[in-house]
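Number of protein chains: 4
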Amino acid sequence: MQQLAIITTGGTIDKIYFDDKSDYKIGAPQISEILGQFGVAFDYEVHALMRKDSLHITDEDRQLILETVKALPQDRVLITHGTDSMVETARVLQIITDKTIVLTGALNPARFLGSDAVFNIGCAISAVQLLPAGVYVAMNGKIWDPLKVRKNRNANRFEQA
Amino acid sequence: MQQLAIITTGGTIDKIYFDDKSDYKIGAPQISEILGQFGVAFDYEVHALMRKDSLHITDEDRQLILETVKALPQDRVLITHGTDSMVETARVLQIITDKTIVLTGALNPARFLGSDAVFNIGCAISAVQLLPAGVYVAMNGKIWDPLKVRKNRNANRFEQA
Amino acid sequence: MQQLAIITTGGTIDKIYFDDKSDYKIGAPQISEILGQFGVAFDYEVHALMRKDSLHITDEDRQLILETVKALPQDRVLITHGTDSMVETARVLQIITDKTIVLTGALNPARFLGSDAVFNIGCAISAVQLLPAGVYVAMNGKIWDPLKVRKNRNANRFEQA
Amino acid sequence: MQQLAIITTGGTIDKIYFDDKSDYKIGAPQISEILGQFGVAFDYEVHALMRKDSLHITDEDRQLILETVKALPQDRVLITHGTDSMVETARVLQIITDKTIVLTGALNPARFLGSDAVFNIGCAISAVQLLPAGVYVAMNGKIWDPLKVRKNRNANRFEQA
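Chains as they are written, first to last, in this note's numbering: chain A, 1 to 161; chain B, 1 to 161; chain C, 1 to 161; chain D, 1 to 161.
Bear in mind the hints are in silico, worked out from the structure with no lab data behind them.
Check the hints yourself; a few may be wrong.
Any copy, or any two copies together, can satisfy a pair, since identical chains are not distinguished.
Stated by the list, open to error - The list that follows gives simulated cross-link-like pairs (lysine-lysine, BS3-like), each with its CA atoms no further than 30 Å apart:
no.	residue 1	residue 2
1	K25	K70
2	K99	K148
3	K25	K142
4	K142	K70
5	K52	K25
6	K70	K52
7	K99	K52
8	K142	K99
9	K148	K70
The whole structure should be built from the sequences, with the hints applied where relevant.
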């Protein structure tokens, strides 16, 4: 069994560009490529659960994420998720109290120059290994309690709620 | 007077990302940044004429581009343009017969890793300096006659018409 | 007073390229640019202490780093350092027992495509905020005890000693 | 037979990074990857002739390049070359008068953010297709006569000699 489970749900982090007409679509999980190229010194497995913009994640989707995390043998779980409803999903997951769960994502697509994706994944990778059981949001260089954070859409960043 | 005039009209080359809700928008002309960082050994001036996805360029917009090019003192003009209607605009410009006019753009935004923007601008920069008067499309590493090229939207490339 | 102090000492993370003759040189600290562009939600100050390849860091340099860290008012300190002698410097710093000190760096220059710099800084930023007092090395996605880690030069990665 | 022959000789364009101790080395030809990712609309073949920093290119190396170009069935040849002695090699090749030969390279390695490699290759690709027989240097956005150009090492750019 791998030490760490990673669940991907889509979101901006995985967006890739098509063309003038079709806009951006959500592609394969970028976290696999990112961790692959840095030779990380731990084992992990990636579950590509869904490919959704976070505005389209429904209550049923959140139940599916919840049940998936519960069923995992690992007690350390990293979830990549769109930023617009990441906090909402994190709160739903707080019913799980015996695993360390860290949600992260990106304000700009991973394949965009200057994207925050790699930085956020770095923050989340440390957090999921170091923190005790609980649910956390890793964005903008900080580890947040889901009950005390919100996305400020105008400033395009996470801040204390 | 500068040797080369550059007119920017928008298109994918200039797209920048906002967020989950607002999708991509067309930002400041990327060609200014691109030429700036490579220390090109010639003088040029950039006219940011419009910021439009090429699907939204109207007949009036094309007339504006035409009149603008005509009025320029330079006889070498590079135009960045969205790819979906680049060929159409090129054909309208063919009424001008005493200037060398090269249109280019990008199939992926300039700020995207692996974008063709810088390569295409390189091709266009040579072409606009080397070619005799006429209108040309510089895409996919070739210099095309506007009457003999089309964008293959499915393959996302330019090809012989 | 800022919450976090960052000390830069040089190393591959800060290498920039000059030309065929002069090879790579160590430039301005890349961590300032990196944290600047991601809008991190905490305060920090950067001390550019030296610009040395880690193979050229001497015992006196290590004493200077040690005295500088001791004298800082902050009790959380992130140090960027060349990878070849990062572990050695970390062990010297272990004399300090009342601060959380995390060392990181990069196996490839920050300005290189595919560099691990941003990922490592992300890991280190979480670690320095979450860990209790002590000295740690953040490389290859893990937080290491300086007494139990070494750089494997052939494989170009950090591993358990 | 392919339309275009590409000969690679090494130089900064192909430099890849190893580590603190071993500095940069010249890797596989970057032009293959670059042209591959942009879906260029013409056929070409790549001959990886040598992997040398241009300061180490000897008179014998230049004779080898000369004989190789002569022996090619193609009459359009693009050569990637280190910048420090590119002009010297170009002058040696001027003995060939029935082919269009364009030399290009990079002032910064192709794998470096902000490298001029892709831009220069774009310029050279147009030039080698558009120009009559002769030998040319494509650097800094211009097509130069080898007899009238030099590298200004302090300014790190090519300029009129």
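Original post:
Can you name, in rising order, the numbers of the hints this structure does not satisfy?
Top reply: No hint contradicted; all consistent.
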